[in-house]
Amino acid sequence: MADKRIYSAPGDRIETKHPVTVNRYRGYTRVNHWVTAACMIVLLISGLSFFHPSLFFLTGLFGGGQMTRWLHPIVGLVLVASFLLLFAQMWKLNLPRREDVEWSRKIGDLLQGNEEALPELGKYNAGQKVVFWGMSGLIVVLVTTGIMIWEQYFPDLVSIPVRRIAVAVHALAALFTILIFIVHVYAAIWTRGTIRAMTRGTVTGGWAFRHHRKWLRELAGRQGSDPSK
Amino acid sequence: MSERAPEPVTAAANPPLQPLASNLLPSDVIRVSATSDVPAPERELTPVAKLIDVSKCIGCKACQSACIEWNDTHPDLEENVGVYENPHDLTPDMFTLMRFTEYENPVTNEFEWLIRKDGCMHCADPGCLKACPAPGAIVQYSNGIVDFISDNCIGCGYCIAGCPFNIPRISKTAHVSKKCTLCSDRVAVGQGPACAKACPTKAISFGTKEDMVELANERVEDLKSRGYDHAGLYDPQGVGGTHVMYVLHHADQPSLYSGLPDDPQISPVVRSWKGPAKTVGLAVAGLAAAGAVLHGIFARANEVTAHEEGEAEDLVAHRNHAQQGDREA
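Residue numbers (the working numbering), protein chains in the order written: chain A, 4 to 232; chain B, 148 to 476.
Since the hints were made in silico from the structure, they are not lab data.
Treat the hints with care, since some could be wrong.
Simulated crosslink set (SDA-like; lysine to any residue; CA at most 20 Å straight-line) [unchecked claim]:
1) K425/B x A176/A
2) K20/A x T452/B
3) K349/B x V156/B
4) K20/A x P163/B
Extracted from the complex, chain A is given alone in its bound form (with noise of 0.2 Å):
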């Protein structure tokens, strides 16, 4: 019996029982993820150089100004292209749920290790929903304004007063994303036992059931059944 997925996507399934691990992201979509992270973090130096005069130095990473400039947009697109996939089969475990409401209220209990007055939760918590969310949302803030501002090959699309206006939403969106990308990262390390979901693909029963045991529950009711269902 295929039961319908409610928290968990495609691919996500117990991997073994003694100890439980659980299949958190196929290789396919961590791949996907660091190529996107490769992106975000060369965007992020190359972007800070030009942000702030004092990280102009940083330019040299990427063989001087002339080639920074050159590369930042490109390997937007890059990242647009790539952020795009993530998005595909990332949406619909994020949209909203009800349980998420609560979890927010109590997020002070989390930051307490107090993890237990949570509601249970299914594949991603509220806060990981407002990183997708705030990423893809700014993510198309800085590809739609970086566009405008391309000087090399789109110096006409919008008149001068747009492109004022698209260079400091450019930067502000992009001081955001950094927010966002400090919030992201640092999760991940300070709730251990996380990073191997994106290295290994793997986190162990104990993680599931501790910050995600809608979704393990549903997993553990999925044995036997077509996992790719």
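Guided by the hints, dock chain B onto chain A, whose structure is given.
Only chain B this time, still in chain A's reference frame:
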């Protein structure tokens, strides 16, 4: 080398026969793009200015030719599309452009042909320099010349967003920004700009800013005596004054002259983007990163317990049994 060239006070003088050393030195720079700690210059050059008397211009484009020749640029041959402007706009190879406006004066019912030589205004408060992210790509000398240093330019086009006059153009081949240099290389050796020297009607004059303002006042007085009541000098204070100025017969309506801005100033958007907001933004990002690191060091990590691993095993095993039971039933 030989002695330093004198500071030029006119465009009319011919160069001396003996070679002269440059008198526009790196130490004469007072502002540098994306650089906050510019050393105070040891000396202050006399501010210079180019005065363009629109009322004397006949639209011959000798200034454009002189500019092309001196700067060794090669504007594309373009098609005649039935307008006087040639080329169609300022380009990376055309630093100055005669712009023509046909104006029917509603007061006098006279037809007026307004010709304005467009190009960099060399603002005292240059928006291009403010917007530029590349250290040293744009410099301002103490005599007022704003110059683009192509070796440091990265071709990003931010100067276009910064400029209130729509002047800089990015080369499609060299990927650097180009504009009028006020012939800084000529001024350095005591000569005035090529355009001023070539102008057959003396519509373009060059000298110290003080002299040019004085000359402009004479011209304005003359124009007023001829019935141009609103004649005046265009030296917009919104950008701190400029080192290229116009005498306009309709100084009350600069925009008549092919959209010369009535009150140019660096856009508030550019100011807020390039002002303290940058430092604040950087600080916010830095604090967030530092906060995360501190939390990582001092706060207890969110760790999975052995008990939870056991719970997970039970859950998985139980579900499995329940399911097998379902199947057997």
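To see whether the hints hold, each was checked on the structure:
In summary, the hint linking K425/B to A176/A is supported, as the alpha carbons are separated by about 13 Å, within the 20 Å threshold. Our distance criterion of 20 Å between C-alpha atoms is met by K20/A and T452/B, whose separation comes to about 17 Å. Restraint check for K349/B and V156/B: the C-alpha separation of about 15 Å stays at or below 20 Å, so the hint holds. Taken as a hint, the K20/A and P163/B pair is broken in the structure, with Cα atoms around 94 Å apart against an allowance of 20 Å.
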